[in-house]
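Asks: Knowing the structure of chain L, use the given hints to seat chains P and X with the ligands on it.
Chains as they are written, first to last, in our numbering: chain L, 3 to 403; chain P, 211 to 403; chain X, 52 to 681.
Hints are computed from structural coordinates only; laboratory data are not their basis.
These figures come from a predicted structure and were not determined experimentally.
Heads up, some of the hints might be wrong.
As the list claims (entries may be wrong) - Derived pair list, reagent style EDC-like, types lysine to aspartate or glutamate, alpha-carbon separation capped at 20 angstroms:
{"id": "1", "chain 1": "P", "residue 1": "Lys258", "chain 2": "X", "residue 2": "Glu332"}
{"id": "2", "chain 1": "L", "residue 1": "Lys338", "chain 2": "X", "residue 2": "Glu552"}
{"id": "3", "chain 1": "L", "residue 1": "Lys384", "chain 2": "L", "residue 2": "Asp273"}
{"id": "4", "chain 1": "L", "residue 1": "Lys256", "chain 2": "L", "residue 2": "Asp280"}
To be verified - Derived Cβ-Cβ restraints for the label pairs, each shown as a range:
{"id": "5", "chain 1": "P", "residue 1": "Arg287", "chain 2": "X", "residue 2": "Phe87", "range": "38 to 44 angstroms"}
{"id": "6", "chain 1": "L", "residue 1": "Tyr81", "chain 2": "X", "residue 2": "Val665", "range": "48 to 54 angstroms"}
{"id": "7", "chain 1": "P", "residue 1": "Ile273", "chain 2": "X", "residue 2": "Phe200", "range": "40 to 46 angstroms"}
{"id": "8", "chain 1": "L", "residue 1": "Leu177", "chain 2": "X", "residue 2": "Phe565", "range": "38 to 44 angstroms"}
{"id": "9", "chain 1": "X", "residue 1": "Val107", "chain 2": "L", "residue 2": "Asn180", "range": "41 to 47 angstroms"}
{"id": "10", "chain 1": "L", "residue 1": "Glu382", "chain 2": "X", "residue 2": "Val107", "range": "38 to 44 angstroms"}
Said to hold, decoys possible - Residues of chain P placed beyond 12 angstroms of chain X at every Cβ, according to the derived structure:
{"id": "11", "residue": "Lys227"}
{"id": "12", "residue": "Phe228"}
{"id": "13", "residue": "Ser246"}
{"id": "14", "residue": "Phe248"}
{"id": "15", "residue": "Gln299"}
{"id": "16", "residue": "Leu399"}
{"id": "17", "residue": "Asn401"}
Every residue, glycine too, gets a C-beta built ideally from N, C-alpha and C.
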Amino acid sequence: MKFNKSFCTKIFISGIGLLMLLISNITLAQDSTPASVNSPTIEVSSASDTMWLGISYNVLIFLLVCIIIAVVGRILKIYDLTLQMQSKKAMDWNKIMSFGFGLFLIVGLYGAYWEYTVQGSMILPDAASKHGVAIDEMFNATLIITTIVFVGTQIMLFGFAFIYRGSQLRKAHFLPHNNTIEKLWTIVPAIVLTILVVFGSLTWKSIMDVPVSEQKSALNVDVTAHQFAWEVRYPGKDGKLGLKNSKLYSSNNKVGVDFKDKNSYDDLTADEIVVPVDKPVRVNLIAQDVIHSFYLPWFRVQINAVPGLPTFFQFTPTITTDAMRTKTDNPNFEYKLYCNKICGGNHFNMQKVFRVVSVAEYRDWLSKQKPYLNDQLRKELKMAVQTENSANKNKLAFNKI
Amino acid sequence: MNQSAVDKEKINFQPKKFNLWLFMITSFMLFAAFTSGFIVYTQGSADKGIKIILPHAFIYSTIVIVLSSFTMYLSFRSAKRLQFDKQKQFLWFTLILGVGFFFLQFYAWTVLVKMGVYLINPNASQSFIYIFTGVHLVHIIAGIILLINSLVGSYKNSPQVKNLFRLEMASIFWHFVDILWIYLYVFLLLNQQ
Amino acid sequence: METALIVNNSASVHRQEVNGHDEHHHHETFLTKYVFSQDHKMIAKQFLITGIIMGVIAMILSVLFRIQLAYPNTAFPFLQTLLGRFAPEGRLDPNFYLSLVTIHGTIMVFFVLTAGLSGTFSNLLIPLQLGARDMASPFLNMLSYWFFFTACVIMLSSFFVQKGPASGGWTIYPPLSALPKAMPGSEMGMSLWLASMVLFVASQLMGGINYISTVLNMRTKGMDLWKMPLTIWGFFLTAILGVLSFPVLVAGVVLLVFDRSMGTSFYLSDIVLNGAVLPNEGGSPILFEHLFWFLGHPEVYIVIMPAMGIASEVMAVNSRKPIFGYHAMVYSLIGITVLSFIVWGHHMFVTGMNPFIGGVFMITTLIIAVPSAVKTFNWLATLWRGNIRFTPAMMFAIGLVSFFISGGLTGIFLGNAALDINLHDTYFVVAHFHLVMGSAAIFGMLAGVYHWFPKMFGRLMDEKLGYLHFWLTFIGAYLVFFPMHFMGLDGVPRRYYAFTEFESMKQWLSVNTFITWAAIMSALAQVAFLFNFFYSIFYGKKATQNPWNANTLEWTTPVERIHGNWPGEIPTVYRWSYDYSKPGHDQDFIPQTVPFSQTMTSNLPHDFEDDPDVEKLQTEWLKQNSQEVK
Ligand code: HEM
Ligand SMILES: [Cu+2]
Ligand SMILES: [Cu+2]
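Chain L on its own, in the form it takes in the complex (with noise of 0.2 angstroms):
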């Protein structure tokens, strides 16, 4: 008792020679300002001053936050001291924390319910591909069925937190277990699970196990992933991508297209993707050094994009880039590819642009597509320059489409 009391004041005392500090820091402050803007000359030594400045100001707004709670806590001991030396009834804190969760649950829910509209809007739009539908409605049984669970047992958590706080008068009900109502409870989620799971499946295999057949007639894009760039090729007018082989790079074969495959001399190069509407897209992908991941989140497409392990994912693409402009209420929209694996420095910032046009337009754009083999890597590779507009031939490169 002797100590605490002995704390009390030291605190107090402590507490206002803390203020008095805090008062002539700021006015201080308020000093040093103008005369940093006043003269340029001394910025840099006056730069780390602001600095230490600030942040002895946030420290000492935190010790004063300190101060304030300590007082409050005595302030508060003292009180109950005094209530119980009228000998009326201590203060209750367990009745308070049982009110503490209560007020919690519903301040809680609001917040959820807040943050499901709000933020809930802010997310992404509809799916722009055949199979992201399938997963939004995936997505938004599990939300129904998980939001009713979380709610329902979050008002029990809290509901009995607040009802069965502890009183002298009353013991508990002594109830070590009731084997019917654990059944239940294990065969019900069992149950709603199954269904998910077996949903799930269907989805997840449609998805993923395109049939052959369907791979075949897709158009194919090959996305070669490096640090901190997507390399593009399109196929030429035979509607086959030549083979790579990452041995073959060099500065002007940056993917190391492997020009003994005769598929390959005609293959292109982009700076975007730019895919048809509404018809397959099989992308092809590969990482030249460490893993990246191909992701197009408004098409519900990710696939990682593994060093000397080939993958692929194939979907069609529903929404336009412009039908988009226009849903989302944002002219500028563009669909971007991001990387979505943890690849180094830059990989907040590996991007590339994805665009889903008609296929007129898509036609169009693909016959103004340079060819991979452009006339450096002929000269390296010690082919014949080619000489004749090879924009003529892309023309006909849509053979799949």
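Replies: Same frame as chain L, but now just chains P and X with the ligands:
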């Protein structure tokens, strides 16, 4: 040392032996992980796999380590029968065979290198051979240290319970590294070519 | 006095065996008592305090990177003063941002929530709640701590190497972690990370072996497995998980080390880095992911199961009610233990794995949600019609349940492979695991600290400060992690240094600022805890022997916390640890050491299932009593 103190120590041995068994489980898990890794890797494509016939050196080393397990058993049996000279003798045999195994594995590596099977290898299935044997050799070193410990102990005049306990720990572990090697060898044999 | 002598004697037997010395007396010097202590309670405290310090460090790291996310375009001169070359001109370097994230994750998952949590409470409670004088091998136990300590030192020392600490994420996927040239953190920092983790695993294995062995061999008389408190079940199964899964991480790390420094190609293939073609061929980065997640998924349960055990115990004690469905609780823990070994693939749905295998992992993953659900409902039923006493420990336990629900439910989205396509590696995952693992496990740990503080230091922590700490942390954690779900649903990827480069992410900037301030608030709230903790060690209110009126054995030991735990004989156990508010008994708790013969008024037929003698006694007693009534 009075009787009750001896009893106490004996009681205290039980959890230690248990600890050893648990340790063996962890190191088994380590090798299980390596072999599973091997399987996952090797099934990655058709050009992976061991692709060679394992050198004969591994057969010799297998014989040596099985023999050493046998001498270890004899040593422990002698100790239980209070034939301490025999205990020491067989312990020496075990130790020598253990060291022999160590060098045979080294020799096997040189043979592998001569066959063109390197550690640094585009077919990492082959690199795995080095990993298996290498990490196993680390265990052999630990086993040899245990053997030396009980050998040194057997020359000291320590109480029989203690002597037996030390020997038992060493022998359990030694049989374990033996079985581990057989597991690895059989695993490699099943996957060769 | 004679008994004390025996204790002393047995201690010296340990010591003698360990050191091979022949001295029969032992003096406790400062070094043997506080530093190289072999007493499980001291080791527990060492783990706890090291864990707390590491936790504070990791928390500061998180505040640093949160500042970057909140104010991506602002320069903070103090960052440069603090971090030097890692924050040139007061702006965090992108690579260093990743280092912060990586080391934050590693420290929190491994050093705080694995070693700090299991290390503290397994060491403290296994001998105390089972009635043992110490661990099976006190020496191994001491080594375990010192390996852990060394691992901490090495991990932190990586901040002082030229290129900075490891920065490939706590999952250190190769090739990023295998190629020193791939990012600065993959040079020396990564080597230190690997060295630290190997020591850490060694420490955990030593600890785990000890826990299992103690639980199985050293229980006091009458303490059969089905009388053990749920805490012990949690620690025991956690240790089994650790012993089986940590070696697998070592296997993965060994291969990684070979790839890094020997030039092998286990994980590397077809790599062109900064314009140079590397010779490596044929490796598979996915192999590492398999090995990592075979540990990694059990690891997340290693983190949560001790917390679950602690919460169960604390909730039963403070609801003054038996834990509801004790057997179901144990079986669901066992179920989680077994299942957690076959679900690792759910972290790899989008690696291009065979869709069929993905489907299998999806099934196993959603099965594991069933035992988790059972546990939750049982906790709720424990509160139902209780007589709840809101100690700070109880509040944290309730908080744990709330977080576990919120975070567990999002697991159901992620476990669905089809949904994971769009959610993988977004902030949705960040929200999921910070709630279900991060917040829930930390709350379990804090509940344990508040609850067993008297057993560690003989004093009580201040209750009011505990309340303050709870509310600020609880609200803060929800404010931080709840909005992250929606960022994830907007496709915002995790581990991004700034959300300024994509038009679509800019709408989240204000939310990020808000989250950062909430995080700063909860970080500052920890000052209340730290002050309370360290102040109470020295000046807290003196605790009585059984301050919470609990049933378990640790509260039968003297407040002085002596070596060997009990001055006399170790008590015998007669009943389970959850006889709270039993009808017919005058008090609302019956310690495990009270035989049924002393509680005739409250015994239930169910109590005698395995003891016919007592049953006979009881029937006779009942006969007598009913005659008296007549
Ligand atoms: C209800 C059962 C649960 C299910 C179905 C579930 C499912 C999942 C899935 C599928 C992922 C991978 C997400 C992704 O990366 O795309 C994940 C991530 C994670 N989960 Fe859970 N989870 C559950 C409970 C838990 C629990 C209890 C913990 C920890 C105590 C936990 C900790 C984690 C962690 C740490 C990650 C992220 C790892 C990382 O990528 O860094 N989860 N969870
Ligand atoms: Cu990336
Ligand atoms: Cu997992």
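Asks: With respect to the beta-carbon atoms only, verify the hint that X:Val107 and L:Asn180 lie 41 to 47 angstroms apart.
Replies: Holds, at about 43 angstroms.
Asks: If we take the beta carbon of P:Leu399, is the closest beta carbon in chain X still more than 12 angstroms away?
Replies: Non-interface label stands for P:Leu399: nearest chain X Cβ at 21 angstroms, farther than 12 angstroms.
Asks: State, for the Cβ atoms of P:Ile273 and X:Phe200, whether the hinted interval 40 to 46 angstroms holds or is violated.
Replies: Between P:Ile273 and X:Phe200, where Cβ atoms are some 45 angstroms apart, the hint holds.
Asks: L:Lys256 and L:Asp280: Cα distance at most 20 angstroms?
Replies: violated, 31 angstroms
Asks: Quick check on a hinted range of 38 to 44 angstroms for L:Glu382 and X:Val107, using CB atoms only.
Replies: violated, 57 angstroms
Asks: Report holds if the minimum CB distance from P:Phe248 to chain X is greater than 12 angstroms, and violated otherwise.
Replies: violated, 9 angstroms
Asks: Taking only the CA atoms, is the gap from L:Lys384 to L:Asp273 under or equal to 20 angstroms?
Replies: violated, 26 angstroms
Asks: Regarding the assertion that P:Ser246 does not contact chain X, is the least Cβ-Cβ distance greater than 12 angstroms?
Replies: Violated, since 8 angstroms does not exceed 12 angstroms.
Asks: Regarding the assertion that P:Asn401 does not contact chain X, is the least Cβ-Cβ distance greater than 12 angstroms?
Replies: holds, 16 angstroms
Asks: For P:Lys227, is the shortest CB-to-CB distance to chain X above 12 angstroms, so the non-interface label stands?
Replies: violated, 9 angstroms
Asks: What's the verdict on P:Lys258 and X:Glu332, does the C-alpha distance respect the 20 angstroms limit or exceed it?
Replies: holds, 11 angstroms
Asks: Please check whether P:Arg287 and X:Phe87 have a Cβ separation lying inside 38 to 44 angstroms.
Replies: holds, 39 angstroms
Hint compliance for this structure: hints 3, 4, 10, 11, 12, 13 and 14 are not met, and every other hint is.
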